[in-house]
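Chemist: Protein chains in written order, with my numbering: chain A, 29 to 384; chain B, 300 to 758.
For the record, the hints were derived by calculation from the structure and aren't laboratory data. No residue lacks a Cβ here, since even glycine has one placed at the ideal position from N, Cα and C. Hints are supplied without guarantee of correctness; some may be wrong.
Listed next, with one range per pair, are the computed distances between beta-carbon atoms [to be verified]:
id	chain 1	residue 1	chain 2	residue 2	range
1	B	S565	A	G291	53 to 61 Å
2	A	G291	B	A602	42 to 50 Å
3	A	E32	B	G610	46 to 54 Å
4	B	S565	A	M226	28 to 36 Å
Result set (DSSO-like, lysine-lysine): computed pairs, CA atoms no more than 27 Å apart in a straight line [what the hints assert, rightly or not]:
id	chain 1	residue 1	chain 2	residue 2
5	B	K528	B	K628
6	A	K49	A	K30
7	A	K238	A	K53
8	A	K53	A	K352
9	A	K256	B	K648
10	B	K343	B	K528
11	A	K60	B	K357
12	A	K60	B	K358
13	B	K648	B	K628
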Amino acid sequence: MKLETLKADLVERLGLEEAIKLAGKKTVPVHKHTFWYFWGGISLFSFLIQVVTGILLMVYYRPGPEAYESVRQITYQIQFGWLIRSVHNWSANFFLFSVFVHMFSVFLMKAYRRPREVGWYSGIALLLLGLTFGFSGYLLPMDELSFFATKVGMEIPNAIPIIGPPIANLLRGGLEVNEFTVQRFFALHVVILPLLYMPLLGLHLWMVQKHGNAAPPSEEAKEPSQRKTMPFFPNFVAQDLGVWLIVLNLISLLAALFPWQLGPQADPLAAAPEGIHPEWYFMSQFAMLKLIGRVIPGLAGEAAAMTLFTLGLVLWALIPVFDKDKTNTKRSRQVLYFGIFVILVLLSTTFMGFVI
Amino acid sequence: MNYPVWDVPGVGGPWVIGIISIFHVLIAWFAVGGGIYLPYAERKLYREGREEWLPVLKKHSRMFLVLTGVFGAVSGVGIWFAIGLVQPEATSTLIHNFVFGWAIEWVFFVIELAAAAVYYYTWDRIPRELHLKVGFLYAISSFLTLVIINGILSFMMTPGQAWLNVAGTGTEASQFWAAFFNPTYFPSLFMRTLACLSLAGIYALITYGRVTDESLQATRTEMVRWSAKWLIPMALLLPVGLGWMYVTMEPESREIMSLGFSTIGSGLFTQVTRISMMTVLTTVTVAGAVYFFAFLFPRDLTAGHAFALLGLAAIATSSTEYARETIRKPYVIQEHMYSNSIRMNEVEKYNTEGYLVNSKWNPPQMEPVAKGEAMFRGQCMSCHTRSGYRSMERLLQKRDRKAIDQLLQTLHDFEPDSPYRKYMPPLVGTQDERDSLAVYLEKLSLGKTEPALALNAAR
């Protein structure tokens, strides 16, 4: 009884009626593809894990010349430092993976069409920021692998015609990757990117709340009476919590069974280790640079690869402009084929990146 | 080594046992837990007049019959094949000690199978009271199979001093009951029973998740919530079971666990602690996920959710079994037989007479590489593969001959402070045999061997 009173008091004083009313309005379509609706929530949860573990890592991490030593202490000396770092790294990978799955499931369900275009655009921007989070965070330990992978990875922005080299120099703090780069990347990772990311994330979540989850065309085709839904709050939220618990379990297991190690300290004068490559989420671009570089050697090849990739990205982002209608038009089919082509190219070039 | 060695490239023999066992355990434990679940649900139906439960329970008993009667039985025989091929000596020891126990288990198993079939085919055909009795007959007989097999499985972890005193004398069977009710018998039975009840709940959710008939939704909601409660014993009593297990295990095993727990903070904790952590974490997750997916809003539960829960249960089960295997290292039967099938009391004999002379399946004359490969097959391959799971190529890290010799010497000496002693058996054999093994391992280390060719050529 007392709990009920407390609940009523809180609702009254905080004005929660509006929020409860808003949460209650949204429903989630129930059909055989409902599983894919969880991936946005999984991305959000992995991001939240990174925020928490990232703040804890900042307690001991020292950017600049001491970067390597501080990560060594976190990994091998500070109690449970290994766990926080491993969870941070695994959840980062999990985050990007789930964002990709979320994006392609949104694409295949045609959830970018009117009125959800802003959700699509903000989602693409969040993905790009997420990738930049990954890239900037990867260098921070300054071990051999992260140093050379960043060095190699910087070839990607460097290859953008005209504006590429100045951007790369600005990011590096000069022509080479060194402790100044670590400081810049750190500032980018913990201040600039979160400042950009949080409002965009707020907008993205607001759009999801406003327009709700889109049903795939196969469901749209059904009579409204035949479509099933469940309330977002509290029913779908309960399921989300169950899925988040499983994700937390998986990330903890990965961290415990395969804890993130720290390689030898980076030596800029040493030769790059054999087979050095960026993380899996940049492998596609990296492989394209290499492949096109074989056909068109030198700067021209790099510029061609980056132009192609940027063009692809712009086209991908502009899909809602081309395919607006809710009906299954010729344009809609063309977009679907384009999307399948993009998925195949990304998968095959990522795979090739690991073997070539 | 009185048996030829089964060469499983890639995953290695132990994982063949592991994969079949995990599959089998997930079904066998369901057979036990589900056996208790079904008559209890049926009794509830009769006592509380919940007639609408009947069609759903019938559906569940069909899945039950197919799973346990077909897949459970077949995979159980699969385990026999696999352990007989990977660990023939240990299997032989178990048979010699527990043949009577196994005979009893098979009797209960036959009753269990017959009762399951009768139970399924006599819904509405025999009086309800009698049908319920058949259900309870099934429950008792299937639980008794667990009571028996648990004695044999826990024996391998803690045979007990009474049995160890007579081990190797030919009168081992005189200590049958001491070996059967060994120190970890009751905590193991307790833990396995909890797991059985949890799996009964999860499998029931799979059946109910597939009930889409609108007219049965209210019934489904009741049954989902009732089934979710079957996970409560595990969720509440897991710490009791683990603590009980911990205090009854061998001191050496306890030491490994303690060392692991005390070093979690520094990140240096042992493999067994990592795996035990998996068990605890995943079990808690299963309980939490059942709460969110099933208990809170039973109407929203789908078969997909239930299968996800089963997947998690598989992780919890497999990690528990893996932890059990790891704690037992370097033995397959604690304090009696090492994981490479060498009995503790045979070590001296093999060191003086030679290991290969006592291996009937090897030709008497062999080239050093072939001899080395025979040593590898006999003493290493019960845990390692050449280039797959626990790969020797990877573990040797391109060591040269001198480093390999040193490693083999350390394994042979088996000193109390040896870093390998906690999880690897001693290397036995004459100097010449160990040198031959070094020749073979050097080739393996440098990637120059043609696997399995040398020995075949010798034959």
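Chemist: Sort out which numbered hints this structure fails and list those numbers smallest first.
Modeler: Numbers 1, 3, 5, 9, in rising order.
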